[in-house]
Amino acid sequence: MYPDFKLKLHGWTKSTEIVHLYEYAYNRTKNSERHEWSGRFLGGCMRDVAITGYAETKIDVRSGRLSYELAGDVLDELLRRFNVDKSEIDGLSVSETMSESANPFWAQYMADVLGITPSWLELMGLGGVSSIGGVARAALAIRAGMCSIAVVLASDAQSSGLTPEQGAQRHEFQYPTGLRGPVGAFGMIMRRYDHLYGLNPRALARLAVTQRGHALLNDNACPRLRKPISEEDYLSSKLVSDPLRVLDSVMVCDGANAVLMMSAKQAAKRGLKAIYPTAYAELSHYKLTEPMTEITESGFKVVGPKALRQAGLSVSDIQSFHPYDDFLIAIMLQLEHIGFCEQGKGADFVLDTDMTFKGRLPLNTGGGQISAGQPGLAGGGLNLIEAVRQMFGEGGPRQIQNIRNSMVTGIGGIPYARNWGTSAVMILEQ
Amino acid sequence: MADGVSAQRPLPKLGSYIDTKEFWEGARRGKLMLQYCTETQRFQHYPRPNSLYTGRRTIEWREASGFGTVYSWTMTRSAWPGHEARLPYICAYVDLDEKIRFLCNLVDCSETDVTIGMPVEVRWDRLSDDIVFPDFAPRRSWK
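So the protein sequences, as listed, match chains A and B.
Going letter by letter, the first sequence gives residues 11 to 440 in this note's numbering.
Going letter by letter, the second sequence gives residues 1222 to 1364 in this note's numbering.
Where hints are given, some of them may not hold.
[As the list claims (entries may be wrong)] Straight-line distance between alpha carbons at most 25 Å, and here's what the computed DSS-like set of lysine-lysine pairs gives:
(1) Lys-68(A) to Lys-368(A)
(2) Lys-297(A) to Lys-1320(B)
(3) Lys-96(A) to Lys-237(A)
(4) Lys-355(A) to Lys-368(A)
(5) Lys-1320(B) to Lys-311(A)
(6) Lys-237(A) to Lys-248(A)
[Stated by the list, open to error] Here are some of the chain A residues that sit facing chain B, going by a computed Cβ distance under 10 Å:
(7) Gly-188
(8) Thr-303
(9) Tyr-426
If you are wondering where the hints come from, they were derived from the structure by calculation, not from laboratory data.
Every residue, glycine too, gets a C-beta built ideally from N, C-alpha and C.
Between the sequences and the hints, there should be enough to build the whole structure, so can you do that?
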């Protein structure tokens, strides 16, 4: 596996130093310790574990179908398309849902319902981070020998089911104020951003139109959202929680998605395409002990640069960007925090950069959650699937021409009087 | 938004995750009670079982000034369930003088009055015989 990894990086000058460091450290490590050592450098340019398949249902609103059925669809697609037998799957990561998570044994039930007997079974409860977080953990589990073929599954029928209660401080200190959940919290972020830097609605309109253009080319996008919009449509859409508008937000839908993972060696043996998660960084509760921290800043200021360092890349090397998009402002904040542009300069970057699938930095080329629909807590997998699809060269009419790498992100949870709970960045490479 | 306060909102479920008696008893007496870490001399809110700063149970309850400034705010035009009759209403983050951020409603003001940095003070909304809830309003001396 190691020579293969070295070969693939050949010619990437920016990665050379990292490769040498890696080689030096790897060779100095005793065989028996290498697994442990690799775990600490999750990814870290490693190409020993790969994503070798992906599956996704169509996204729809109030589909009337439930999470188990949707999960059944994606399992069937994985088995049909990617040369693996159900009996070979011995690892399973299941994302928490809005529709079924009242069940404390959700992951265990899901494995049972799907007929899978995993030796590694994980329940991911990081909201929009659950899918890329599941990929990172599955890679560790494969490296550690806990399983050899893993499925990272997310399935949620939020628009057809009941939303469970998050509890904690909400009953006493949040609900009586009537803050409208994430919509209210992001309205606060937008207002604060406007105060500090000036919020340019034209840039948000551009993001809305770019993603909608991509959804029009995505057969899996929610049919209700597959209608063209103009920048004027965004600017005149209804205010929900000023200055946040309807077209700033996602529409909650139903849907499921999954990726298949195994060692690079297994992938080669089966003749499967392989995409490598070469970097991953995650942080929950950025600056939690600084109650007056700026809500226009986030954990992406930590995890963005950290993931890039692991991969030995700089932002200008990133060839497609698949950020978690519950709200348009979240895309702009991530561009700033990860380092694509300076803090407060997101609007200029957006207006100066072609972010269509043909452009310099393609953005959520399936439409993102905002224009393809948010399949509940499976939403974190939506943009991951699109990145993998593009890297497999299966983007169809929206295929990105040069795509050696992708950056996929996740955001999870809305806490009390901060911005969000978890920030995570994954880099995928060919 | 209408002046004054409105009882048309769901009652908080007191003590639903930890013991918050001190906060609600204080509220009934018109005192804004906050947790205070005796080791780091810092306040914290929402209430937690331990100090946010030390992880130890080095906390006591102290009365706060009830003064702060608006950090950010949003005009809610689409209601959280149970708040339909209050539409539209202002939700805000207020930075208290005790250096914590407090989620609340701004009352006794319209959206044209509100600015970030505006000094505010606590106002008490009697929701029932037993439950009084803190809102914030422009500081009287400032308005």
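Evaluation of the provided hints:
no.: 1; hint: Lys-68(A) to Lys-368(A); verdict: 24 Å, holds
no.: 2; hint: Lys-297(A) to Lys-1320(B); verdict: 14 Å, holds
no.: 3; hint: Lys-96(A) to Lys-237(A); verdict: 38 Å, violated
no.: 4; hint: Lys-355(A) to Lys-368(A); verdict: 23 Å, holds
no.: 5; hint: Lys-1320(B) to Lys-311(A); verdict: 23 Å, holds
no.: 6; hint: Lys-237(A) to Lys-248(A); verdict: 17 Å, holds
no.: 7; hint: Gly-188; verdict: 4 Å, holds
no.: 8; hint: Thr-303; verdict: 9 Å, holds
no.: 9; hint: Tyr-426; verdict: 5 Å, holds
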